[in-house]
Structures are given as structure tokens and as C-alpha cells.
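Colleague: Sequence:
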Amino acid sequence: MKTIIVPIDFSEHSEYALHTAAILAKEQNAEIIALHMLELSTVHAYGEESQSKHIEKALYYTKLAEKKFDGFLNKEYLKGISVTPIIRHFKVFSELGEVVAENNADLVVMGSKGSSGLTEFFIGSNTEKVVRNSEVPVLVVKNKPIDWNVKKVVFATDFSEEAIPSFSKSIALLDAMKADVQMLYVNVPGEGFKATDEMEWAVETFLEQAEGNLDRVKDVHFIADKSAEKGILKYAKKVDADIVAVTTHGRTGLARFFEGSVSEDLVNHADFAILSFRID
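Mind the numbering: the sequence shown is residues 1 to 280 in the UniProt record's numbering, read in order.
Source of the hints: derived by calculation from the structure; they are not laboratory data.
Please note: incorrect hints may appear among the correct ones.
[Stated by the list, open to error] Computed beta-carbon distance windows for the label pairs:
#: 1; residue 1: 135; residue 2: 178; range: 22 to 32 Å
#: 2; residue 1: 79; residue 2: 218; range: 29 to 39 Å
#: 3; residue 1: 197; residue 2: 79; range: 50 to 60 Å
#: 4; residue 1: 89; residue 2: 234; range: 34 to 44 Å
#: 5; residue 1: 208; residue 2: 234; range: 22 to 32 Å
#: 6; residue 1: 205; residue 2: 146; range: 35 to 45 Å
#: 7; residue 1: 214; residue 2: 53; range: 56 to 66 Å
#: 8; residue 1: 239; residue 2: 53; range: 55 to 65 Å
#: 9; residue 1: 11; residue 2: 239; range: 24 to 34 Å
No experiment lies behind these values; they were computed from the predicted model shown.
Even for Gly, the Cβ is constructed at its ideal location relative to N, Cα and C.
Using the sequences provided together with the hints, build the complete structure.
Modeller: Right, here's the structure in full:
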């Protein structure tokens with residue numbers, strides 16, 4: 001891992017992401033790119049002004065963001081790390097892919113409010129847009145990394161053939177983190193329900209075709225629940241996971257995979273980070 005991108009909106013949660021990225025950067029000897037998206041709606045919300053006036057206001061807001069960066073990046077935990085602030089005039093985070101490609105980034109780390117659960121992480125939010133469009137893994141953090149020591153990762157997947165490339169990428173990343181991986185399949189009612197022998201065959205085929213250090217895979221677990229989201233959250237809480245890793249299929253797949261809701265009590269205790277790998 002050489003380059004980590006952190007979207008910054010100067011909020012508390014984006015600082016959580018920055019702090020987490022700093023820990024990873026020190027472990028991996030990586031650089032951080034702190035990216036602020038300056039919304040065009042902010043610049044163009046002044047009616048029919050001249051183009052020169054629009055440019056003047058754009059420069060003003062850019063300078064303002066640069067000033068905010070000066071204070072925001074003045075953190076003790078960033079010392080010794082190469083941190084480059086970048087300001088772009090984009091409306092939404094979905095265009096972050098351009099910056100990822102330009103800098104050959106390996107990982108995106110971003111913050112998300114912790115009150116809405118997995119569904120709100122991925123459906124109808126800026127985070128969902130990043131996950132859906134990102135060509136690289138996205139790590140979503142909810143809390144300040146007081147004791148960031150990743151030892152146990154739950155990798156939730158449907159063991160489909162199309163998920164194998166994403167799984168291989170995840171193993172490479174998690175191997176660098178020196179994390180042990182528990183694989184999880186949530187059997188839910190309906191068309192996706194599998195008999196035990198079907199699940200065992202799917203796992204065997206999946207692991208035979210996967211690449212990377214499979215020694216990191218310590219266990220494979222099958223559980224049943226009313227929805228994939230509920231099953232993942234319950235299991236991750238039960239084993240005290242540090243990260244839940246998932247493969248995503250774009251908007252339709254995300255909506256299908258994270259349907260349903262979880263109880264408020266369960267959501268409030270889901271303090272682990274989410275690591276997403278997109279299936280092409």
C-alpha cells in the first residue's frame with residue numbers, strides 16, 4: 001500500500017478517517033492525499049453574475065478551504081507522514097474516482113455518522129456513491145481510532161465466482177494489515193437460500209480459484225437470518241470483529257444485499273469499520 005486518499009469535509013467524522021489513515025500510513029509507509037470537494041453549488045449560488053465574478057468567488061472559497069486545511073492537518077498523529085492536500089471543484093463524492101486514478105491510490109478511507117447502520121452506509125449517501133464508483137477498496141470508519149489494532153476481520157460474501165477478484169484484492173490488503181479473516185455466508189429466505197451441501201461446494205470452488213495468502217483465512221461460517229445485514233451485524237458483534245469486509249455489486253446489488261433494517265440497540269453497538277470491495 002503506497003497511497004491512501006481521505007475525503008475531507010472538515011467534520012469530526014472526516015478527522016476520524018484521517019486519523020485512521022495515519023495509523024495505516026505509518027504501518028505501511030504510505031502517503032496520504034487529503035481531498036476536499038468544493039461544491040459548485042456553493043460557488044454558483046449567486047444568480048446571474050459575470051463569469052469573472054464567479055471565478056473570483058471560486059478563488060475565495062478555494063483560499064478559505066486552504067486555510068481550513070492548515071489547521072485541520074496540523075495534528076500530532078500526522079507527523080512523519082507525507083500528507084498532500086488537494087482541493088477540487090466537484091459537486092459529489094462520486095467523481096472521486098478521477099483523483100484515485102490520477103494518484104494510483106490503493107485505498108480510500110472516509111468517515112460516516114454512526115447512527116444509521118449498514119443500510120445508511122451504502123444506500124442514498126455520499127458514502128454509497130464512493131463505494132459504488134470506487135475502483136479501489138473503501139474503508140468506512142464511524143469512530144475515533146482510540147485503539148486501532150486490526151486483528152479480526154469478518155469477510156461477508158455470497159461466494160459467487162464474480163466475487164473472487166475482489167476477495168483476492170482484499171486478502172492482499174488484509175495480509176498487509178496482518179489481520180486474520182473469518183469468511184461469512186448469511187443464508188436468507190428466498191431465491192438466495194442454499195442447502196448445506198450447496199454452500200460447502202460454493203466455498204470449496206471459491207477458495208480453489210482465489211489467489212493470495214489464504215493462510216489468513218482462519219474459518220468459514222454459515223449462518224441463517226432474516227436479512228444479510230442483520231446476520232452480518234449479529235455475527236460481527238458476536239465475534240467482536242474489528243472490520244467487516246463486504247463485496248458490492250453497484251446500486252442494485254447494494255440495495256439487494258443490504259435490504260431490511262436492524263434494531264437501534266444493535267446499530268448503536270456496531271462500532272466496527274466497514275471495508276468494501278466493488279465487484280466489476
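Colleague: Hint by hint, note whether the structure agrees.
Modeller: Tested hints:
1. Distance hint for residue 135 and residue 178: a CB-CB separation of about 25 Å, consistent with the stated range 22 to 32 Å.
2. At about 35 Å, the CB distance of residue 79 to residue 218 agrees with the hint of 29 to 39 Å.
3. At roughly 55 Å, the beta carbons of residue 197 and residue 79 sit within the given window of 50 to 60 Å.
4. For the pair residue 89 and residue 234, the beta carbons lie near 43 Å from each other, so the given range of 34 to 44 Å is met.
5. Between residue 208 and residue 234 the Cβ separation comes to about 29 Å, which falls inside the hinted range of 22 to 32 Å.
6. Residue 205 and residue 146 have their C-beta atoms about 41 Å apart, which keeps the hinted 35 to 45 Å range intact.
7. For the pair residue 214 and residue 53, the beta carbons lie near 60 Å from each other, so the given range of 56 to 66 Å is met.
8. Between residue 239 and residue 53 the beta carbon distance is about 58 Å. The supplied range of 55 to 65 Å therefore holds.
9. As the Cβ distance of residue 11 to residue 239 is approximately 30 Å, the hint placing it in 24 to 34 Å holds.
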